[in-house]
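*Asks:* This is what each chain is made of:
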Amino acid sequence: MIISFFHPALIMIIGALLLPFMKGPFRKPFLFLVPLLTFLNVIYLSWHPGTYGVVTFMGKWTLVFGRVDNLSIVFGFIMALMAIIGTIYGLHVKDYWQHMAAWFYVAGSLGVIYCGDYLVLFLFWEMMAFASTFLIWFNRDKGAIAAGYRYLLVHTFGGVVLLLGFVLRYQATQDLSFVLLSEENTQLYTWLIMAGLMLNAAVPPLHSWLPDAYSKASITGAVFMCAFTTKTAIYTLARAFAGFDILIVLGVIMAIYGIVYAIMENDIRRLLGWEIVSQVGYMVTGVGIGTALAINGACAHAFAHILYKGLLFMGAGAVIHATGKSTFTQLGGLYRKMPVTLLFMVIGGISVSAFPFFSGFVTKSMIIAAGFESHLFVAAFLLSMVSVGTFLVAGLRLPYLIFFGEKRSDDATFEKAEDPPWNMQLAMIIAGLLCFVIGSYTPFLYNMLPYKDVVFHPYNGYHLSETLQILAFTALAFFFLKDKIGARATISLDLDWFYRKGGQLFLWLAKNPIQWLDTLWGNVYRVIGLYSLMTTARFWSWFDWHAIDGVVDGSARCVRAIGRRISIVLQRGQIQYTLYFSFTFAAILLFSYVCL
Amino acid sequence: MIIQIIDYLKAHSGAVKLCTWVGLTTIIVWSVSGVDTHHAHTWMEKHIPGFWALFGIISCVILVYFSRWFGKGGIMTREDYYDN
Chain A
1 MIISFFHPAL
11 IMIIGALLLP
21 FMKGPFRKPF
31 LFLVPLLTFL
41 NVIYLSWHPG
51 TYGVVTFMGK
61 WTLVFGRVDN
71 LSIVFGFIMA
81 LMAIIGTIYG
91 LHVKDYWQHM
101 AAWFYVAGSL
111 GVIYCGDYLV
121 LFLFWEMMAF
131 ASTFLIWFNR
141 DKGAIAAGYR
151 YLLVHTFGGV
161 VLLLGFVLRY
171 QATQDLSFVL
181 LSEENTQLYT
191 WLIMAGLMLN
201 AAVPPLHSWL
211 PDAYSKASIT
221 GAVFMCAFTT
231 KTAIYTLARA
241 FAGFDILIVL
251 GVIMAIYGIV
261 YAIMENDIRR
271 LLGWEIVSQV
281 GYMVTGVGIG
291 TALAINGACA
301 HAFAHILYKG
311 LLFMGAGAVI
321 HATGKSTFTQ
331 LGGLYRKMPV
341 TLLFMVIGGI
351 SVSAFPFFSG
361 FVTKSMIIAA
371 GFESHLFVAA
381 FLLSMVSVGT
391 FLVAGLRLPY
401 LIFFGEKRSD
411 DATFEKAEDP
421 PWNMQLAMII
431 AGLLCFVIGS
441 YTPFLYNMLP
451 YKDVVFHPYN
461 GYHLSETLQI
471 LAFTALAFFF
481 LKDKIGARAT
491 ISLDLDWFYR
501 KGGQLFLWLA
511 KNPIQWLDTL
521 WGNVYRVIGL
531 YSLMTTARFW
541 SWFDWHAIDG
551 VVDGSARCVR
561 AIGRRISIVL
571 QRGQIQYTLY
581 FSFTFAAILL
591 FSYVCL
Chain B
597 MIIQIIDYLK
607 AHSGAVKLCT
617 WVGLTTIIVW
627 SVSGVDTHHA
637 HTWMEKHIPG
647 FWALFGIISC
657 VILVYFSRWF
667 GKGGIMTRED
677 YYDN
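Chains A and B are the protein sequences, given in the same order.
Numbered per my numbering, the first sequence spans residues 1 to 596.
Numbered per my numbering, the second sequence spans residues 597 to 680.
Check the hints yourself; a few may be wrong.
[What the hints assert, rightly or not] Here are some chain A residues the structure puts well away from chain B; computed CB gaps all over 12 Å:
| id | residue |
| --- | --- |
| 1 | Lys23 |
| 2 | Ile43 |
| 3 | Tyr52 |
| 4 | Leu119 |
| 5 | Phe134 |
| 6 | Thr186 |
| 7 | Asp411 |
| 8 | Trp521 |
| 9 | Leu533 |
[Stated by the list, open to error] Taking CB as the label site, the calculated pair distances span:
| id | chain 1 | residue 1 | chain 2 | residue 2 | range |
| --- | --- | --- | --- | --- | --- |
| 10 | B | Val625 | A | Leu426 | 40 to 48 Å |
| 11 | A | Trp191 | B | Ile658 | 31 to 39 Å |
| 12 | B | Ile602 | A | Trp191 | 48 to 56 Å |
| 13 | A | Lys484 | B | Val625 | 23 to 31 Å |
| 14 | A | Lys484 | B | Tyr604 | 23 to 31 Å |
| 15 | B | Gly619 | A | Pro25 | 48 to 56 Å |
| 16 | B | Tyr604 | A | Gly324 | 24 to 32 Å |
| 17 | A | Asp175 | B | Thr673 | 47 to 55 Å |
Because the hints were derived from the structure by calculation, they are not lab data.
All C-beta atoms, glycine included, are put in the ideal place defined by N, C-alpha and C.
Please build the complete structure, drawing on both the sequences and the hints.
*Replies:* Given below as structure tokens:
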């Protein structure tokens, strides 16, 4: 059956371009309608898998804009759904540029998900990077502009690495198709493409941009950013690098690294950013394991993660929106002022912590089970340990330090705190309900996963007992250790130190030693070069004046003197002498001519 | 309503603590006596009673103390560190 294909990204792009013209009462319905249409289009496509939008470019390359298969369907679905939730969350934002940037960003993500070759991938990949940079720049807070530039530079670097990778691959294989790469036959281009994709997934050591940028983005922007970049990258890794063992190691490192930094963090959104690094670590591990269950787990966890992390960022945004503060040292005791926000942050927290009946329980366990099934015991136990840390950080530390404990904010901040506007609450309700639906009614998500024949039952006695033991005793440990991980007015140094301090070092080098060297060289040139040049010039000037000119002028003066002397002798004014000399000269000439 | 519930629980912290201990004990007792561990992946899970409870507490302690040690080793620094 031939179906009409209209790219979902195109709806978002057209919507974004029309948005500035939507005024007054049309604006909010339009804001809701465009992502809704995109979502309906995505659902329509999911009913008709196939390859669409195949275009021949410059007579040489075949571009594929619409590859609708088991893997892209699940990611397309959640991205389009998150676009609706995120836009509802930002309905109150008057600045249409923010919505435009967010929609272009979503369009980039959808474009990557449905693409079938590296050229289209790269086009939408860069669209994501540039559009999301504006979501940081639109935040007027201190440091946002600089953070946006850092984000853009890092992602531009990643894009160039990716470009280099697939161009080298094209040179070697004449192939631009975006498909699974061979682990047995790895080339330089394999690693370059992997590095390019891993940068967007925030895999260490290419991860520092994430907490840096997400903590500086606008409130609505952060809600979008937490969903799209890393999970789109997980999709691309699952597409091209499923089963690559190195991803297991990197994923586990990432999960631990993120949680350790989250425990130390003082800024709400940086903490949530570190939590993303940690949770995406599970997905990277799942992609690395590469079995059907692991890939299903990675996709399911990405799906669930977008919703609960979106919910947590929405809660964090509500707190910042109400108080203007973003650090634990300036908050605390807010449960009386923002009870609804507390409720939804707790729902987000227990979803990420894999409480039974909430989304993390049915998705995270899939990846850990895949690890155990593949006899990767160390990885599976380390990921279980990280899930302890996840509950400790997102389920306990985060709500405790914002809503309970001592009030660390000033009175004015505390007084003005209140639950957010209706649209922000509605978005949180939708995301919270979906967290619950996914966790309680597993077929909703499981039927969308790429490998339909894999059977996984999270609700069994052993898994429930394991989870309840972990959660209950982590909570107990938190009760005794909470002061050890309380609010401290610090930041944590990370690998971005190298380029942040590196930039400052470069400026210092330019201002001090390089400037000194330049001045010294100027002096040396002036003293040695210029002085000797002037001395030499003066000598040649003297030489020219006295020697060259002396010789030339002397010859001229000599000739003039001889001429004068001759004229005195020869031209006396007496005709007989003149005739005498003339005839004598003529006779000598004649004689010489005859004789010689 | 949420505020009232929290205030009520805070006002009855003794009862909350008692319920918590009862809950913890119930989980352990149920896990040790009522759960089939045949499908557990490793020897440890099958033969150590309350393995995951121990795992939870030990992991928590390791993560908290490791983070503190790591942070105090120069990673945690003043907030204006990057300001010019």
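*Asks:* Take the hints in turn and mark each one as holding or not.
*Replies:* Hint check results:
1. The Cβ of lysine 23/A sits about 38 Å from the closest Cβ of chain B, beyond the 12 Å cut-off, so the non-interface label holds.
2. Look at isoleucine 43/A: its CB is around 35 Å from the nearest CB on chain B, clear of 12 Å, so calling it non-interface holds up.
3. Under the 12 Å C-beta cut-off, the non-interface status given to tyrosine 52/A relative to chain B holds; the minimum distance is some 43 Å.
4. Taking the minimum C-beta to C-beta distance to chain B, about 38 Å, the non-interface status of leucine 119/A holds against the 12 Å cut.
5. The Cβ of phenylalanine 134/A lies farther than 12 Å from every Cβ of chain B, with a closest approach of about 23 Å, so its non-interface assignment holds.
6. Here threonine 186/A stays apart from chain B, with its beta-carbon at least about 31 Å from theirs, past the 12 Å limit.
7. Non-interface call for aspartate 411/A relative to chain B: holds, since the shortest CB-CB distance, roughly 19 Å, exceeds 12 Å.
8. Listed as a non-interface residue, tryptophan 521/A keeps its Cβ farther than 12 Å from every Cβ of chain B; the least gap is roughly 28 Å.
9. With a minimum CB-CB distance of about 42 Å to chain B, leucine 533/A clears the 12 Å threshold, and the non-interface call stands.
10. Against the hinted window of 40 to 48 Å, the Cβ-Cβ separation of valine 625/B and leucine 426/A comes to about 43 Å, which satisfies the hint.
11. Against the hinted window of 31 to 39 Å, the Cβ-Cβ separation of tryptophan 191/A and isoleucine 658/B comes to about 33 Å, which satisfies the hint.
12. Evaluation of the 48 to 56 Å hint for isoleucine 602/B and tryptophan 191/A yields a pass: the beta carbon distance comes to about 52 Å.
13. Our hint of 23 to 31 Å for lysine 484/A and valine 625/B holds, since their Cβ atoms are close to 30 Å apart.
14. The given range of 23 to 31 Å is respected by lysine 484/A and tyrosine 604/B, whose C-beta atoms sit roughly 29 Å from each other.
15. Glycine 619/B and proline 25/A have their C-beta atoms about 52 Å apart, which keeps the hinted 48 to 56 Å range intact.
16. For tyrosine 604/B paired with glycine 324/A, a C-beta distance near 31 Å keeps the hint of 24 to 32 Å intact.
17. Taking 47 to 55 Å as the suggested C-beta distance range, the pair aspartate 175/A and threonine 673/B conforms, at roughly 48 Å.
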